[in-house]
Structures are given as C-alpha cells and as structure tokens.
Amino acid sequence: MDTLVDIASFYNFLPTASLILRPDEPRFTIEAVNDAFLAGTGTTRSYLIGQGFFEAFPPDNEDDGSRTMNIRNAFTYVLQHKKPHRIKKHRYDLSLSEDNPIVARYWSVDTYPLLNDDETVQYIVQGSVDITALHIAEIELRQKHQQLKLSNELYAYVNKATNDVIYDWDIENDHIGWGDAFFRLFGYEEVANFPLSKWSSLVHPADVTLLEKDLHEALLDSSQNNWKAAYRLKRLNGDYAYVEENGYIIRNEVNQAVRMIGVLRDVTESTQYVRQIEAQNIQLKEIAWTQAHLVRAPVARIMGLINLFNEPETEECTRSRLLSCLNKSAADLDCIIREIVAKSEADNFDGKSSN
Numbered sequence: 012m013d014t015l016v017d018i019a020s021f022y023n024f025l026p027t028a029s030l031i032l033r034p035d036e037p038r039f040t041i042e043a044v045n046d047a048f049l050a051g052t053g054t055t056r057s058y059l060i061g062q063g064f065f066e067a068f069p070p071d072n073e074d075d076g077s078r079t080m081n082i083r084n085a086f087t088y089v090l091q092h093k094k095p096h097r098i099k100k101h102r103y104d105l106s107l108s109e110d111n112p113i114v115a116r117y118w119s120v121d122t123y124p125l126l127n128d129d130e131t132v133q134y135i136v137q138g139s140v141d142i143t144a145l146h147i148a149e150i151e152l153r154q155k156h157q158q159l160k161l162s163n164e165l166y167a168y169v170n171k172a173t174n175d176v177i178y179d180w181d182i183e184n185d186h187i188g189w190g191d192a193f194f195r196l197f198g199y200e201e202v203a204n205f206p207l208s209k210w211s212s213l214v215h216p217a218d219v220t221l222l223e224k225d226l227h228e229a230l231l232d233s234s235q236n237n238w239k240a241a242y243r244l245k246r247l248n249g250d251y252a253y254v255e256e257n258g259y260i261i262r263n264e265v266n267q268a269v270r271m272i273g274v275l276r277d278v279t280e281s282t283q284y285v286r287q288i289e290a291q292n293i294q295l296k297e298i299a300w301t302q303a304h305l306v307r308a309p310v311a312r313i314m315g316l317i318n319l320f321n322e323p324e325t326e327e328c329t330r331s332r333l334l335s336c337l338n339k340s341a342a343d344l345d346c347i348i349r350e351i352v353a354k355s356e357a358d359n360f361d362g363k364s365s366n
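Following my numbering, the numbering of the sequence shown begins with 12 at its first residue and continues without gaps.
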C-alpha cells in the first residue's frame with residue numbers, strides 16, 4: 012500500500028470521518044477524504060481536495076484563535092515526534108447544508124503520521140468522531156447532578172428546621188434511616204444500623220402489638236401503598252411522645268414491599284391540649300351537675316324560709332326560728348360553694364404525657 016489511491020481507498024471504508032493531508036506545513040493540503048467525513052460535515056470532495064486544511068476550515072465566529080491553534084499544534088506534534096496525537100474534545104461549528112443554520116459541534120480528533128521507509132512523514136491522517144450528543148449529555152448530567160446537590164442541601168436544611176421526622180426504611184436490608192429531627196426530638200444518637208425491632212422496642216407496650224399487626228398486614232397487601240398510624244414513642248429520657256405517622260410503601264415488580272418512606276410527627280402538645288380540654292369539659296359538667304342538684308336544695312330552702320318570714324300571719328317567735336333556719340341554709344350553701352371552688356383549684360392539668 013504505497014500509493015495515495017490505495018491509502019484513500021482503504022480509509023474510504025472506515026466509519027470514522029477521516030482526512031489525508033500532505034505534511035506541507037503550514038498549509039497541510041488535503042489530498043483525500045472519505046465518505047464518512049463528507050457525510051458528517053456536509054462538504055464535498057470537489058470543495059476539499061487541493062485546499063489547505065485551514066483554508067477549507069477557517070476559524071468559526073466563536074473561535075478566538077485557540078481552537079485553530081490546537082489543530083495546528085496537533086499537526087506540528089505529529090511531524091516532529093512522528094507519534095499520534097489526540098484532542099479529546101474540540102469544538103468546530105458546522106452546518107450540514109445551506110438550508111440549516113450553523114450549530115455548535117464537538118469532535119474527538121485523532122491525528123497520526125503515515126511514515127515512509129526512511130521514517131519520514133509521508134502523509135498526515137486525521138480522524139474525527141462527532142461527540143456532540145455526548146457533550147450535550149454530559150452537560151445535562153452535570154446540571155442534574157447540580158440540581159440533585161441543591162435538592163439534597165435543601166432537604167438537609169428543611170430536615171434540620173422541621174419538627175417532622177423524615178425516614179427511609181430499607182425493608183430488604185432491615186434498616187431505618189432517620190432524618191436529623193428524630194435524633195433532635197427524641198434524644199437518641201445516630202447509629203449505623205437501626206432495624207425495625209429497635210423501633211418496635213421504643214413503641215409503648217400498650218400500642219406495639221396492634222401497631223405491628225397493622226403494619227405487617229399493610230406490607231403484605233399488594234393493593235396498599237399508604238400506611239397511617241398514631242401511637243406513643245419513647246424518648247431517651249423515658250417519657251413517651253404521642254406521634255402520628257404517614258408512610259408510603261414502595262413495591263418491586265412482583266408487588267413485594269421493598270421500601271417505605273414517610274413522616275413521623277410529634278403531636279404530644281396538641282394531644283395533651285385536647286385531653287386537657289376534654290378533662291375540663293368533664294369538670295365543667297360535674298360543676299354544672301353540682302349546681303343543678305346540690306346547690307338547688309339550700310337555695311330552695313332559703314327561698315321558702317324567706318316567703319314564710321314575709322307572711323303577715325307569721326308570729327314573732329316563729330320569725331326568730333325562721334332566721335335561725337335561714338342562717339343554717341345559708342351556711343350549707345356557702346359550704347357547697349367552697350367545695351366547688353376547692354375542686355376547681357385542685358383539678359390542675361400540667362400537660363405531661365401519659366405513660
């Protein structure tokens with residue numbers, strides 16, 4: 012294979028866009044070009060053959076001269092060192108036809124020498140692979156990574172700021188990953204392994220059996236993707252917090268539960284407030300009953316005694332006895348009122364959680 016025709020015929024079958032150039036620095040005349048190059052660049056042989064490389068491919072509008080210099084340096088390197096040279100990513104903007112606008116194109120460019128028997132450079136061969144799609148994919152991937160990074164940072168900040176505990180339960184590996192709020196609200200230290208059994212051990216003994224049964228049934232039911240529960244969970248100091256949990260069950264292709272993500276909310280204050288209101292309502296009902304029954308008796312006696320006292324026919328000695336009875340009824344009424352006040356003051360609600 013010692014003629015240009017033989018070399019060009021060989022390269023014409025290559026899928027890589029290729030040019031064969033004379034080593035006539037600085038012109039680097041184009042001697043041959045394969046079909047893949049013509050298809051990839053939208054050019055013709057009649058236009059390219061015989062032109063200097065930089066005449067056929069002058070700097071584009073976006074080139075400040077550095078891109079052209081990179082190609083020229085590649086040719087010079089091959090001539091001087093007689094070794095291949097690679098540019099991993101080279102931008103040269105092209106239009107595939109006169110009807111299409113010029114667009115940014117990116118190429119992986121390999122340049123290598125074809126040597127004579129005396130080790131002099133006979134031709135320079137340049138092969139270019141269009142990596143524009145790969146370049147765009149890399150940009151999109153970096154953007155997605157950046158978005159993911161920002162999302163993770165936002166998640167971390169929200170996790171630190173909220174009192175809602177976010178969790179991720181890896182069912183297959185039996186590990187619950189808790190958000191920062193869990194350790195902040197419940198006082199525990201983060202550990203490498205947090206199995207479901209450890210969570211169960213923190214649930215109030217009165218709640219755990221029914222809770223585990225309900226969770227197990229939800230995981231086995233392939234039609235279920237959501238799980239809700241309200242129960243008491245132990246803090247590090249021994250107190251129990253009232254919590255509400257909302258979980259989303261993730262299933263595999265055969266509908267087996269493999270993961271559950273969700274939110275655990277500490278509702279201790281609101282639960283205790285509701286219970287306090289309920290207790291106060293009971294107290295008010297008791298007071299109302301007391302007023303309706305116990306207070307009514309001495310009040311009725313007082314009213315009856317006053318009516319008798321005001322009767323004209325009532326003798327003076329009788330009035331004296333009526334005053335004595337009236338005084339006793341008033342004392343009875345005062346005693347009942349004092350008992351009501353004492354009961355109201357004794358029934359204070361400090362809002363502590365029930366264990």
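Simulated from the structure, these hints should not be mistaken for lab results.
Among the hints, erroneous ones may be present.
Dumping the calculated DSBU-like pairs for lysine-lysine here, alpha-carbon to alpha-carbon at most 30 angstroms [said to hold, decoys possible]:
no.	residue 1	residue 2
1	Lys-239	Lys-209
2	Lys-245	Lys-224
3	Lys-155	Lys-99
4	Lys-339	Lys-296
As the structure is a computational prediction, the values presented were derived from the model and not from experiment.
Going through the hints against the structure:
Distance check on the hinted pair: Lys-239 and Lys-209 sit about 19 angstroms apart at the alpha-carbon level, within 30 angstroms; holds. For the hint pairing Lys-245 with Lys-224, the CA-to-CA distance comes to about 19 angstroms; that is within 30 angstroms, so the pair holds. At most 30 angstroms may separate the alpha-carbon atoms for a hinted pair to count; Lys-155 and Lys-99 meet this at roughly 23 angstroms. Between the alpha carbons of Lys-339 and Lys-296 the distance comes to roughly 28 angstroms, so the proposed pair stays at or under 30 angstroms and holds.
No hint from the list above goes unmet by this structure.
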